[in-house]
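Peer 1: Residue-level listing of the chains:
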Amino acid sequence: MTATIEPIVGRYVHVNIMGDACRVYFEECGQGIPLLCLHTAGSDGRQFRHLLCDEDVTSKFRVIAFDMPWHGKSYPPLGYQDKDYELTTERYVATIRAFAAALELDRPVVMGCSIGGRIVLQLAHAHGEEFRALIGLEGADHQPPWYDTSWLNRPDVHGGEVCAALVSGLIAPQSPDEYRHETLWQYKQSGPGIFRGDLYFYRVDSDLRGKLDGIDTRRTPLFLLTGEYDFSCSPEDTLRTARSIPGAQAVVMKELGHFPMSENPRQFKKYITPVLQAIAQA
Amino acid sequence: MKESLEERFASIEPLVNANRRLVHRGRYLTASIKVCVGDSPFMLEIRGGEIHGIHRQSPLFASADLVIQATEEAWAALWEPCPRPGWHDLFALTKRGAMRIEGNSHVLFAHLQYLKDVLCAPRRRPAP
Numbered sequence: 495m496t497a498t499i500e501p502i503v504g505r506y507v508h509v510n511i512m513g514d515a516c517r518v519y520f521e522e523c524g525q526g527i528p529l530l531c532l533h534t535a536g537s538d539g540r541q542f543r544h545l546l547c548d549e550d551v552t553s554k555f556r557v558i559a560f561d562m563p564w565h566g567k568s569y570p571p572l573g574y575q576d577k578d579y580e581l582t583t584e585r586y587v588a589t590i591r592a593f594a595a596a597l598e599l600d601r602p603v604v605m606g607c608s609i610g611g612r613i614v615l616q617l618a619h620a621h622g623e624e625f626r627a628l629i630g631l632e633g634a635d636h637q638p639p640w641y642d643t644s645w646l647n648r649p650d651v652h653g654g655e656v657c658a659a660l661v662s663g664l665i666a667p668q669s670p671d672e673y674r675h676e677t678l679w680q681y682k683q684s685g686p687g688i689f690r691g692d693l694y695f696y697r698v699d700s701d702l703r704g705k706l707d708g709i710d711t712r713r714t715p716l717f718l719l720t721g722e723y724d725f726s727c728s729p730e731d732t733l734r735t736a737r738s739i740p741g742a743q744a745v746v747m748k749e750l751g752h753f754p755m756s757e758n759p760r761q762f763k764k765y766i767t768p769v770l771q772a773i774a775q776a
Numbered sequence: 113m114k115e116s117l118e119e120r121f122a123s124i125e126p127l128v129n130a131n132r133r134l135v136h137r138g139r140y141l142t143a144s145i146k147v148c149v150g151d152s153p154f155m156l157e158i159r160g161g162e163i164h165g166i167h168r169q170s171p172l173f174a175s176a177d178l179v180i181q182a183t184e185e186a187w188a189a190l191w192e193p194c195p196r197p198g199w200h201d202l203f204a205l206t207k208r209g210a211m212r213i214e215g216n217s218h219v220l221f222a223h224l225q226y227l228k229d230v231l232c233a234p235r236r237r238p239a240p
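Chains as they are written, first to last, in the numbering used here: chain C, 495 to 776; chain L, 113 to 240.
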């Protein structure tokens with residue numbers, strides 16, 4: 495019997511982010527246009543494992559997914575134990591730019607989901623020239639807060655269980671059980687308070703309504719794709735955002751929720767393929 | 113004859129108790145949960161993850177750990193075999209204003225997936 499070994503390669507890179515020395519884990523596969531993938535709040539780069547193994551993609555793109563500091567196999571920086579983790583817009587942008595610079599990526603495409611879908615809007619606004627194209631999955635300029643996030647990190651409620659249970663409703667009912675539970679497992683494994691800390695960026699520090707002027711989608715195409723079952727970043731949120739950015743292209747994805755790449759990779763492929771083809775042919 | 117919403121709600125008791133894995137996951141929960149299906153109130157008694165009765169009649173001012181109210185439309189939509197977007201989860205319904213969850217939020221969040229699975233149990237039972 496021959497074991498199946500996936501073509502993904504994982505490594506660590508040491509990156510300085512806002513004065514913090516960070517040991518960042520990343521996985522990559524493929525050659526060609528760099529495609530940098532950003533995971534959702536409280537999860538890690540494993541969400542992109544299917545894309546990393548898709549030869550239709552990796553034959554044209556160098557797909558790279560990194561675990562943000564505090565996530566997955568990337569440790570928090572020194573002294574993390576002395577303060578609560580709170581992701582800010584400034585730190586998020588600095589993290590992405592520092593990682594891209596460390597790997598010497600030449601005008602990468604950035605594809606982010608959820609908080610990653612939000613931050614690509616800020617990248618388009620403030621640093622668009624650095625990127626070949628930007629893809630926001632489940633992204634919008636703002637979503638109204640709809641629950642008390644303090645329940646995500648307190649000693650009398652199991653953090654992993656509650657984070658997974660909370661996001662379980664954001665997965666489309668059509669998504670295969672195998673991938674539904676794999677997606678939830680990542681939430682169960684997240685560090686204490688990290689999902690909540692990411693949501694600080696989402697809820698408190700990144701209301702981008704009215705702040706996205708100057709985005710040049712002719713230079714840096716912007717694609718926004720949102721699953722119809724996502725009630726956190728709803729299709730209406732995404733479509734409203736797209737209408738405010740001349741040239742932004744928005745698609746509502748059928749039978750998908752908040753985690754398209756990990757909850758149902760086959761269904762997601764139907765939607766991401768034409769986007770990646772357009773980028774490759776530009 | 114098509115099952116009424118009340119009958120579908122009542123089916124939670126045998127469906128949950130027959131699901132040993134679900135009962136096991138709820139083993140640390142003992143609670144009284146008032147559930148309103150439209151205008152019809154029920155008291156759902158949970159003991160160690162098992163459903164120990166769904167009572168149609170309960171005394172006035174009976175205490176409940178949680179009160180979950182939703183329109184008939186919301187319950188019917190939630191229990192469709194493949195529910196529509198925005199009608200497929202307790203929090204989706206809450207966010208759209210079709211459901212209200214009040215009471216001791218600790219009970220809800222400490223046992224969130226168990227309670228979601230209990231209240232969605234009729235989804236797995238095909239309507240006759």
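Check each hint, because a few of them may be wrong.
Ranges between beta-carbon positions, derived for each pair [stated by the list, open to error]:
#1 C:Asp578 - L:Phe173: 33 to 43 Å
#2 C:Asp650 - L:Asn129: 22 to 32 Å
#3 C:Lys764 - L:Pro193: 50 to 60 Å
#4 L:Ser175 - C:Lys748: 20 to 30 Å
Below, a list of computed lysine to aspartate or glutamate pairs in the EDC-like style, where the Cα atoms sit at most 20 Å apart [said to hold, decoys possible]:
#5 L:Lys228 - C:Glu500
#6 C:Lys567 - C:Glu722
#7 C:Lys763 - C:Asp699
#8 L:Lys146 - L:Glu119
#9 C:Lys682 - L:Glu214
#10 C:Lys682 - C:Glu722
#11 L:Lys146 - L:Asp229
#12 C:Lys763 - C:Glu624
#13 L:Lys228 - L:Asp177
#14 L:Lys228 - C:Glu672
#15 C:Lys748 - C:Glu730
#16 L:Lys207 - L:Glu192
#17 L:Lys146 - L:Glu214
#18 L:Lys228 - C:Asp699
#19 C:Lys763 - C:Asp548
#20 L:Lys207 - L:Glu162
#21 C:Lys705 - C:Glu624
#22 C:Lys577 - C:Asp699
#23 L:Lys228 - C:Glu655
#24 L:Lys228 - C:Glu580
#25 C:Lys748 - C:Asp710
#26 C:Lys567 - C:Glu580
#27 L:Lys207 - C:Glu730
#28 C:Lys763 - C:Glu580
#29 L:Lys207 - C:Glu722
#30 L:Lys207 - L:Glu185
#31 L:Lys207 - C:Glu624
#32 C:Lys748 - L:Glu184
#33 L:Lys207 - L:Asp229
#34 L:Lys207 - L:Glu119
According to the in silico footprint, chain L covers these stretches of chain C (three or more CB under 8 Å from chain L) [to be verified]:
#35 555–564
#36 640–653
Quick caveat, the hints were computed from the structure, so don't treat them as lab data.
This structure is a prediction, so every number in the text was calculated from the model and none was measured.
C-beta: ideal position from N, C-alpha, C; glycine also.
Peer 1: Check each numbered hint against the structure and report the violated ones by number, ascending.
Peer 2: 3, 4, 5, 6, 7, 9, 10, 12, 18, 20, 24, 25, 28, 31, 32, 34, 35
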